[in-house]
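Chain residues, written in single-letter form:
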Amino acid sequence: MTMANFLFGAAAFVLAMVALGLFSVLRGPRDADRMLSAQLIGSGGVAVLLLLAVVTEMPSIVDVALMLALLAPFAAVAFLRDASSSQIKSPDATDHA
Amino acid sequence: MTLAFDIFTVVAVSAGSFFFMAGTVGLLRFPDTMTRLHALTKVDNLGLGLIVVGLLPRAEGLLGALKLLSVWIFVQLAGAIVSQLVARVARREGRHT
Amino acid sequence: MTYVFVFEVGLAALLLAIAVWTIVVRATFAAIVFFMIYGLLAAIVWVRLFAVDVALTEAAIGGGLTGMLMLGAAARLREIENSGEKPGLPMRLAAGMLCTLISAALGIVVFSLPDVAPTLAPMAKANLAQTGLGNPVAAVLFAYRAFDTLLEKVVLLLALVGVWSLAPDRVWGGVPGFRVYAQPSSILVFLAQLLPPIGIMIGVYMFWTGASYPGGAFQGGTVLAAMWLLVMIARLQPVPAISLRPLRLLLVVGPVIFIAIGLLGFVLADAFLAYPAGYSKPLIIVAEATLTLSIGVTLGLLVAGPPEWKTQQ
Amino acid sequence: MNSATLFGFCGAILVGLGLFGLITNPQLLRKILAFNVLGTGVFLLFGVIARRGAAAGLEGDPVPQALVITGIVVAFSATTMAVVLLLRLYQETGEATISPDDTSAGTDGSRS
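Chains as they are written, first to last, in the working numbering: chain F, 1 to 97; chain E, 1 to 97; chain V, 1 to 313; chain Y, 1 to 112.
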């Protein structure tokens, strides 16, 4: 087995793990769990891209992985803003009442 | 020398892929949000980390290697901070319900 | 190489499965999470199609901005989630048949594409040296079809005008209703202080490297927009009122300089958006640098939404 | 079957799936998501044509690739515009859905 085949095999394996992770997005049960699954899948996507960058000898693919890694926390930050604003507003409302 | 590097790559990438599997299984099997956070950190730190380390010998020069490492650091940073934020929401929700 | 084939079939199957779930899953939140993952996998598909510039664009948009936009909208609509009834079974069957037919027709088209594909790649390659650029996609965007790119930036500005015009009259010129943390935790503030300097560096790198390698003004601008939104969401900087003059200046500086360079083409070269020989690369770099800035501000304000308050909250 | 054809079929199916979601889901936010799925399918078809046009040492025809980049930008700005319109509709009417019985609801003046 050549190195290229091994690295493609590894990428396919990580992709299969990503596919399994999708079931936890389906199941939840809470939105926080779904967000965690998305985070894990994002790391998987980054790993697949790095493997592809090395195996196809296209270093610019690393930039795509870099972009994904840099923007990885944004969805979670937006999600937790919405979770925290509803959480914080409700005690406020009872204070005023 | 090349053979030694190749063996190193195969071992590290395989180990990294194993931690991706461990993380995904953990995500699916662990009972609550807090324990699932634990699974996520395995993937970010060890899974992606070992794959990056395994690919280092095949990186394009020093700059390419630095780029690979910075991708890993970004993902770790995102994972650590998102875990903190999600844990806060999960704990608050757990107390309220 | 059968391993490659296994990988690609798996990738395609996964993309389709995620698309199905995005559409049929009941909870809106789950649908949005699936859609974000869909963007991630689409970026990998673009890499396999050897279109790294497109992969970068998809990663930048799908990875940061779309998620923020959609999650924000879903949070506002949470009270009426799952309202509205699905059309009846006959209607859904008819829609399914129609969509299957369309997919089948497109599939036949893909299958019967000519064996010798028409291509402009040799022409793009032959004239690449004249533009002074190394990245053929950048050459298409800024030299061969620069007019398209100019109009695309105008479309972005028009979309922003459209978004702003949806504000009620009494808050016109006020502050966008972008939702920020009520009490940002220390860890979030840490993230919002640490990430933007790195992000700005990567944004500049994206635009700079775009002349020779995959990357460019749009990818760089998207990173800048994401960093700005992060700083605002953690309340390190207030959301600015849209009537602010420096802000308006930033919005138009890129397109205005691009148009100015284009008009200069009438004088120094022989047509609109033609570059004088030997000066094309520096001119393109100047246009791209200002466009990166303008695109960043425009995208940030697009996600921030229409004004909702007259003054700073 | 080469990879370009494979992803071409993938794009063709995505167009159908997106259209199905656009027609059958009553919630407008989900319609916007479905429309984006459809759009990605169209872009992929473009990408396949670009990949098949590989020549002169380039791995793909850069012209369709540049068109797709422009397309993604325009699709994103249209999406933000649609989301904002939807939120405004919700503000005005308290609803953000289109149901099959909407025409009757509109004619009896229950909403304005």
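These are computed hints drawn from the structure, not numbers from a lab.
For each residue, glycine too, the CB sits at the ideal point set by N, CA and C.
Fair warning: there could be bad hints in the mix.
Restraint ranges, calculated between C-beta atoms of paired labels, are given here [as the list claims (entries may be wrong)]:
1. V:Pro90 / F:Pro29: 29 to 37 Å
2. E:Glu93 / Y:Glu92: 30 to 38 Å
3. V:Val253 / E:Met21: 26 to 34 Å
Quick rundown of the hints versus the structure:
Against the hinted window of 29 to 37 Å, the Cβ-Cβ separation of Pro90 (chain V) and Pro29 (chain F) comes to about 34 Å, which satisfies the hint. One distance hint, 30 to 38 Å for the beta-carbon pair Glu93 (chain E) and Glu92 (chain Y), holds here, with the actual separation near 32 Å. Separation of Val253 (chain V) from Met21 (chain E) is about 50 Å and departs from the stated range, judged on CB atoms against 26 to 34 Å.
Violated hint for the displayed structure: number 3, the only one.
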